[in-house]
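Asks: So the chains spell out like this:
Protein chains: 2
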Amino acid sequence: MLKYIQITEKDNVAIAIEPLAKGEDLGGGLVTQDPIPQAHKIALRDMKKGEYVVRYGVRLGALNRDVKAGSWINEHMIEVPQSPGLDHLQWGTHIVTDLPKPPRTTWLGYEVPGCEYAGSRNILGITTAVQCVQGVLDVAVRKMKEELLPKYPNVDDIVALNHPYGCGVAINATNSDIPKRYVRNIAKNPNFGGELMVVSLGCEKLTLDMILDKKDITPENVIVLQKEKGFHAMMDALMAMADKKLARLNQRRRVELPLSKLCIGMQCGGSDAFSGVTANPSAGYASDMLVSGGATVMFSEVTEVRDGVEKLAARCVDEATCKKLAKNMKWYDDYLAEGKVDRDANPTPGNKAGGLANIVEKAMGSIAKSGTAPICQVLDPGEIPTKHGLIYAATPASDIVCGPSQLASGCVLEVFMTGRGTPYGLASMPVIKVCSRKEMKEMWDDLIDVNAGTIATGERTIKDVGTELFNLILDCASGTKKPFAEQYGLHNYLCIFNPAPIT
Amino acid sequence: MLKYIQITEKDNVAIAIEPLAKGEDLGGGLVTQDPIPQAHKIALRDMKKGEYVVRYGVRLGALNRDVKAGSWINEHMIEVPQSPGLDHLQWGTHIVTDLPKPPRTTWLGYEVPGCEYAGSRNILGITTAVQCVQGVLDVAVRKMKEELLPKYPNVDDIVALNHPYGCGVAINATNSDIPKRYVRNIAKNPNFGGELMVVSLGCEKLTLDMILDKKDITPENVIVLQKEKGFHAMMDALMAMADKKLARLNQRRRVELPLSKLCIGMQCGGSDAFSGVTANPSAGYASDMLVSGGATVMFSEVTEVRDGVEKLAARCVDEATCKKLAKNMKWYDDYLAEGKVDRDANPTPGNKAGGLANIVEKAMGSIAKSGTAPICQVLDPGEIPTKHGLIYAATPASDIVCGPSQLASGCVLEVFMTGRGTPYGLASMPVIKVCSRKEMKEMWDDLIDVNAGTIATGERTIKDVGTELFNLILDCASGTKKPFAEQYGLHNYLCIFNPAPIT
Numbered sequence: 003m004l005k006y007i008q009i010t011e012k013d014n015v016a017i018a019i020e021p022l023a024k025g026e027d028l029g030g031g032l033v034t035q036d037p038i039p040q041a042h043k044i045a046l047r048d049m050k051k052g053e054y055v056v057r058y059g060v061r062l063g064a065l066n067r068d069v070k071a072g073s074w075i076n077e078h079m080i081e082v083p084q085s086p087g088l089d090h091l092q093w094g095t096h097i098v099t100d101l102p103k104p105p106r107t108t109w110l111g112y113e114v115p116g117c118e119y120a121g122s123r124n125i126l127g128i129t130t131a132v133q134c135v136q137g138v139l140d141v142a143v144r145k146m147k148e149e150l151l152p153k154y155p156n157v158d159d160i161v162a163l164n165h166p167y168g169c170g171v172a173i174n175a176t177n178s179d180i181p182k183r184y185v186r187n188i189a190k191n192p193n194f195g196g197e198l199m200v201v202s203l204g205c206e207k208l209t210l211d212m213i214l215d216k217k218d219i220t221p222e223n224v225i226v227l228q229k230e231k232g233f234h235a236m237m238d239a240l241m242a243m244a245d246k247k248l249a250r251l252n253q254r255r256r257v258e259l260p261l262s263k264l265c266i267g268m269q270c271g272g273s274d275a276f277s278g279v280t281a282n283p284s285a286g287y288a289s290d291m292l293v294s295g296g297a298t299v300m301f302s303e304v305t306e307v308r309d310g311v312e313k314l315a316a317r318c319v320d321e322a323t324c325k326k327l328a329k330n331m332k333w334y335d336d337y338l339a340e341g342k343v344d345r346d347a348n349p350t351p352g353n354k355a356g357g358l359a360n361i362v363e364k365a366m367g368s369i370a371k372s373g374t375a376p377i378c379q380v381l382d383p384g385e386i387p388t389k390h391g392l393i394y395a396a397t398p399a400s401d402i403v404c405g406p407s408q409l410a411s412g413c414v415l416e417v418f419m420t421g422r423g424t425p426y427g428l429a430s431m432p433v434i435k436v437c438s439r440k441e442m443k444e445m446w447d448d449l450i451d452v453n454a455g456t457i458a459t460g461e462r463t464i465k466d467v468g469t470e471l472f473n474l475i476l477d478c479a480s481g482t483k484k485p486f487a488e489q490y491g492l493h494n495y496l497c498i499f500n501p502a503p504i505t
Numbered sequence: 003m004l005k006y007i008q009i010t011e012k013d014n015v016a017i018a019i020e021p022l023a024k025g026e027d028l029g030g031g032l033v034t035q036d037p038i039p040q041a042h043k044i045a046l047r048d049m050k051k052g053e054y055v056v057r058y059g060v061r062l063g064a065l066n067r068d069v070k071a072g073s074w075i076n077e078h079m080i081e082v083p084q085s086p087g088l089d090h091l092q093w094g095t096h097i098v099t100d101l102p103k104p105p106r107t108t109w110l111g112y113e114v115p116g117c118e119y120a121g122s123r124n125i126l127g128i129t130t131a132v133q134c135v136q137g138v139l140d141v142a143v144r145k146m147k148e149e150l151l152p153k154y155p156n157v158d159d160i161v162a163l164n165h166p167y168g169c170g171v172a173i174n175a176t177n178s179d180i181p182k183r184y185v186r187n188i189a190k191n192p193n194f195g196g197e198l199m200v201v202s203l204g205c206e207k208l209t210l211d212m213i214l215d216k217k218d219i220t221p222e223n224v225i226v227l228q229k230e231k232g233f234h235a236m237m238d239a240l241m242a243m244a245d246k247k248l249a250r251l252n253q254r255r256r257v258e259l260p261l262s263k264l265c266i267g268m269q270c271g272g273s274d275a276f277s278g279v280t281a282n283p284s285a286g287y288a289s290d291m292l293v294s295g296g297a298t299v300m301f302s303e304v305t306e307v308r309d310g311v312e313k314l315a316a317r318c319v320d321e322a323t324c325k326k327l328a329k330n331m332k333w334y335d336d337y338l339a340e341g342k343v344d345r346d347a348n349p350t351p352g353n354k355a356g357g358l359a360n361i362v363e364k365a366m367g368s369i370a371k372s373g374t375a376p377i378c379q380v381l382d383p384g385e386i387p388t389k390h391g392l393i394y395a396a397t398p399a400s401d402i403v404c405g406p407s408q409l410a411s412g413c414v415l416e417v418f419m420t421g422r423g424t425p426y427g428l429a430s431m432p433v434i435k436v437c438s439r440k441e442m443k444e445m446w447d448d449l450i451d452v453n454a455g456t457i458a459t460g461e462r463t464i465k466d467v468g469t470e471l472f473n474l475i476l477d478c479a480s481g482t483k484k485p486f487a488e489q490y491g492l493h494n495y496l497c498i499f500n501p502a503p504i505t
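Sequence order for the protein chains is U and Z. Quick note: the first sequence uses my numbering, first residue 3, plus one each step. Quick note: the second sequence uses my numbering, first residue 3, plus one each step.
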């Protein structure tokens, strides 16, 4: 039985499929020199201090000591290299058009008038202009769910789109366009069916014109709490507006739609060294099938692609796309530098325990979820796409920020790959979990929707798992299946990205 | 009837108690030259371009045009001055010891073993090490409230202390000590009775040693979701631990305690030009009574005291306190400058509509809530005090961040002054609302607990309202009364202050 996985022939390290004892014979004369934890790296030959450790055919960094073949190579032995330059990226040098064909080309979605994409759910999403209104709105939403929702069986849920932005912030600061865009665009997510319901306090800095088109600022869409005569009047106004919006949403029906009407997001969190060989390539395979069928797929997480920027540039379809990629990488480099850190602040203790030595190795695994399709557009964080196909949405890698970013960009379903395990979920779109290791599925059998761990042991192929995931994506988008997080109602808050100061 | 309020004899402006028409005779030969909105400034005499507008005896800034006596002076006419220097602050030059005596000197609180302060409520607070656990914890807390809480009638509530920190952040960045301190100290709030219940995912950057003492990291206190065999096992573990903690909390009883066992916070939000003459001075009067009786009272909000720093320095009891005040002001100046803004990014559209021309005027009103007592200690954001008396806790002014900051610093009740109106509340401590204008109380009769607006019309004095507020603070702290926000369950999320980058 296979004991380790070497990804490319250039690689001078491989990862252990199971924990290995010291002195184990791995075949071909290779014998372990140390106990090696599962997913951690084994030196495939003797290496000298200063020599580069290579995995995915990529230099993870230089060794800070000599190692013998069969030794454990961990994060303390590798120096993080400089990140690749951004000024002379080559675009369009690796455009793959031979993508796997999808076994299905339609799904059942909720169309939205005037919108490129359709919804996977039919939800009343209630936008908040400021966090001050949250207490009142949450009480109202509980009441709506009890008293109104049962009257409208075609509506899936009512969600208060609470967030920490809106006031007590430097509203005109250089980077304030980012959180403003999130609030504005989340309201437009196809899962909310084009119905606008907005709750404002009345004195906040995030004024209605910053988040709504002028034509939409009407008494039919907006409740200003300071204009209501007290708490009970607020509740009455909220219930009355919700009732009207729910009645309209209740008219919606799923219809059979081409994949071009589907927009989904891919993200990963709690990754390990298997993520890049099992879960993420499977997601990449499903992504390629979706893109080849006409769907839009986003991948994200700036710090987790920064070291692979040359590979992404090579897949950009034109110069403008490549330039926007570089611009977003540069912006994040500067943002981190202002906080006196760099991209290597990204890996977590869990990543490291899972065998990821540094951000370079993590990035190579992370990028695998984008498959092989050309990148047709790059989005600023929270921006809505104007093209169909594979899209890079430049968001923070933080799981709890990436999700809301993809929601703002119009995704109606998210696929979440995990090595260590996270129960993350969102109220506004279904989140499918894919695990990288068999042990994870055994541990969290009732939380992990797809087990990609069997790829490491050779039981299944990337194509097998990728196809399973593709089908599950369409089933969940069509509402015929629900991922575990949705079944249990696991809902993380919307942490929207505000790189500007608070006041 | 009085038509305007002039605060000090030095002032060359006053504010309109009611909206004034053009041409109204205000007495003493003063006639309005413009319609003047309620709470806005009237020029008391002719003034030249470049002359300083003076209110509270303080220069709000220089006029950018000539104005006639009786004219409306608004924010567009005043240039914001430079903020006062921090290098040569004079401390101890204005120490007032003649404070009003409190009419009551005891309250009913829940003592906490080993803690300087007692709780105003008896709550199971469940600390989260990372936002990833929030979905699971929220489902569990709903179940706990249904199935466990009814068994323990002496426990007031169960609160998931969700926050956006813990992972996807630069955990070792220069300013990461601030959010870490929040998470650690909120768990110690006296309202949680010294019981620790912590939920970790297992792979997050905010490791348990960063938020707990070593002795407290035990299976009795900590649940690690990645160590549980799936969702149902997580729920069982959470329910079982909560059951044990609730049983212990249920043993607690209120006892009569001296005021020295009470620690409360003061903040304001949605302020107007009345705030500084009605609501905030009343809060200051109540604060003076509390401090004189031995209680600890915090006031906060850096950008809203920055322009009054010389007045605060004069009230500092020693050099160390004054230096820590200056250090915190400097830190925030730099923090804002990095985001390319300054303290004048603070005022909101509501503040301006309420007659506050700029941050200087807002600060003078804001400081009024600190009363006249000497400042015995200055705290970094989220720090726990070691002294009793009036304390300046240097937190952001953002309402939704200031509250959690005071919670971290150990406050068990908050008093919130508002001019424009906000329904803000917290699950972990009662929040009393005081309004600055009669019209606010008329509008939000069922949300405003204390009406200080009657001070402007001369119907009541600052002493009257301050004494009413003092009594309500003790009644609410003692659990014999509940403010409106608590009655309705209005609970804002815990937005903890993270000035470091996210990754």
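Do not rely on the hints blindly, as some may be mistaken.
Identical chains blur together in the list; that is why a pair holds if it fits in one copy or across any two.
Straight-line Cα separation of at most 27 Å, DSS-like style, residue types lysine-lysine; simulated pairs [unchecked claim]:
{"id": "1", "residue 1": "K5", "residue 2": "K217"}
{"id": "2", "residue 1": "K440", "residue 2": "K147"}
{"id": "3", "residue 1": "K70", "residue 2": "K325"}
{"id": "4", "residue 1": "K342", "residue 2": "K329"}
{"id": "5", "residue 1": "K103", "residue 2": "K24"}
{"id": "6", "residue 1": "K229", "residue 2": "K465"}
{"id": "7", "residue 1": "K50", "residue 2": "K147"}
{"id": "8", "residue 1": "K190", "residue 2": "K147"}
{"id": "9", "residue 1": "K332", "residue 2": "K5"}
Hints were generated in silico from the structure; no laboratory data involved.
Asks: I'd like to know which numbered hints this structure contradicts. Please list them from smallest to largest.
Replies: Violated: hints 1, 2, 3, 5, 6, 7 and 9.
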